[in-house]
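Enquirer: Using the sequences provided together with the hints, build the complete structure.
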Amino acid sequence: MTTIATPSSTSGPASTEPSVAQTWGLVARFANPADLVHAAHEVRKTGYRYWDCHSPFPVHGIDPAMGINRTILPVVVFAAGATGCTLGFLLQAFTNSFGSSIWALVWVTGYPFMISGKPLLSVPAFVPVMFEVTILFSALTAAFGMLAFNQLPELYHPLLKHPGFGRATDDGFFISIEARDPQFLRSKTGEFLKSLGASSVEVVES
Amino acid sequence: MSHSHDHADLTPSNTRADAAIARIAGRMLPAAVVLLAAAAWLAWKGGHANATAKLYLVSFTFILAISLGGLFFTMIQFLTRAGWSVAVRRPAEALAANLRWLWIPFMLPLLWLWWKGGQHHEPGAHALGLDVLWPWANLEHMQQHEPAEYENVLKKAGWLNPNFFVLRAAIYFAVWGVLATIFFKGSTAQDTVGGTATTERLQKLAGPGIILFGLTISFAAFDWMMSINPTWFSTMFGVYYFTVCCTAGFSAMALITIRLQSLGALKGIISREHLQDLGKYIFAFGVVFWAYIGFSQYMLIWYGNIPEETTWFLARQVGDWTPFSWILILGHFVAPFVFMISRWIKRWNVTLAVSAVWMLFMSAIDLYWLIVPVIPAGLADATTYAELAEKNKEASVGFFTLATLCTIGGMFCLFAWRTARTLSRNYLVPVRDPRLGESIAFQNI
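These protein sequence lines are chains A and B, in that order.
Residues in the first sequence are numbered consecutively from 2, following my numbering.
Residues in the second sequence are numbered consecutively from 147, following my numbering.
The hints are simulated quantities; they were obtained by calculation from the structure and are not laboratory data.
We treat Cβ as the ideally placed atom computed from N, Cα and C, and that holds for glycine.
Each hint should be verified, as a subset may be incorrect.
[As the list claims (entries may be wrong)] Short, incomplete list of chain A residues facing chain B, as computed with Cβ under 8 Å: (1) PRO59; (2) HIS61; (3) PRO125; (4) VAL128.
Expert: In structure tokens, the structure reads:
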């Protein structure tokens, strides 16, 4: 890791640098959430694609500034909930209402049994289980869907090696731009981040 | 970070709309007079005292529910020291302020019936009394005509007797009137004096206030609506009326907020973030919670299958009441659940207004469904449900009649007139509440 001292200290793309370690990208620190939102807006406008913001808490307005669309997770959760509701109904209808058999690895037969004079297919009695299975499917989909959409768990990330980056969980507001971005040019990108008001811009090695 | 709240326009040009709202109030008053006169004429011509009394109770509990919803919202915000809701709290306070006069259209007829029923009259002569709605008020009549029910109701006479009943009603209205006055006067006085003392005082009062609120609305629901069938009981009934209050109250709040904005007020103060949260309140309490406790009550009774409990539901699933019950299930739960679940529906004022009008209408349907059906006679003679349904297939609902629409519409216009009058004389937002800045800056993540 090296600190960019002057604009002339490097020239040309990062890939031509004589370096043992590959350059993963640059990380710039900003003083407060307002500066972070402003900088994110500029980074997006400039056309960078492989970059991210890091802050200790959710920052209002960061999503539109970064050009991030709303997640489709709610739609997935709704579909999972509807599936759960349907399966909850079918499970009970099959086990309680019909004597039919289905093959699920082995042959399984339903067991219609009259309870307190109710019809065999009594929807009111099924509702609690349908409700619970709906909640189960929705909750699991929401939790694991969130992890999947965030590409978590991720056990290693180059940024974690950067000593100052721990402040992202305390009082630091960071923007990182990856070297694989087509627009990435170590000197130019570093200067650009400085011009946005970054208090420090540092190279992160992969 | 947005700092727009530092520049939000809190001058009267943006936070008051006295003339425009007074014009709305001026239109509501004649509408109320015409509709209520028509309702009175139809009732007199119809000549059925019990049907008229039930209709009046439906329309009264409807406007009462809207006011109580406003009171609940106000108190829960102070209780939780909520920041987001300050900008939309004034409409709730104005709705609750109606509780200062709502005792008049209930207590006066009630006292009149109580006094008439208490008069000595010749045996066999039919005199009007509290038993026009509540059969337990005339035990002699019950003893002669419904001996089995009489035995049961006699044991409840310590609670269900005319004097205590009237006294309790007076207590409920006193509690609501005092609570509404404290919160409305406190908040509107803060518009002038500012400071944090008012906020701190109301936060302290909200705790005991919400307990009194819970007790009074539960017992009011037991007294006025559940005791129409004095042998039937459900411990969930008070909570059921609470969900009606939430549905109607939060819907009315959303409608008022949207209407005030369409009058050009509250620019830069109320945003779609606030609309979305009002929509969430309607969705959570009015759609989901209503269905949750409504179904819980139904399922326990259906599953237990004890005749003294199931009769109440049987009355609602014979004849025309069957499709009417389905309107409630589909219109109060299924359709609004699917419609309102998306985020953008709650954030766009047009779709939120449509939802709020619909849910307000459904609240009226719900109260009609709670109060009007009559438990069919001769239940013991029917051995199967099919037989019972066949016997009572002529049972009619009568919701979509001129009398119903005039009564409910007239009472609603009366209520709208008083609410608009309150709003036309006050700031439309608590302009000096210490948390107003926080509320204006509020964003959903």
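Enquirer: Indicate, hint by hint, whether the structure satisfies it.
Expert: Hint check:
Annotation: A/PRO59 was flagged as interfacial toward chain B, and the flag holds, the nearest CB pair being 5 Å apart, inside 8 Å. The interface hint given for A/HIS61 is met, as the beta carbon of that residue sits about 5 Å from the closest beta carbon of chain B, less than 8 Å. Because the smallest distance between the Cβ of A/PRO125 and any Cβ of chain B comes to about 5 Å, under 8 Å, the interface hint for this residue holds. Interface restraint check for A/VAL128: the shortest CB-CB distance to chain B comes to about 6 Å, inside 8 Å, so the restraint holds.
Every hint from the earlier list agrees with this structure, and none is contradicted.
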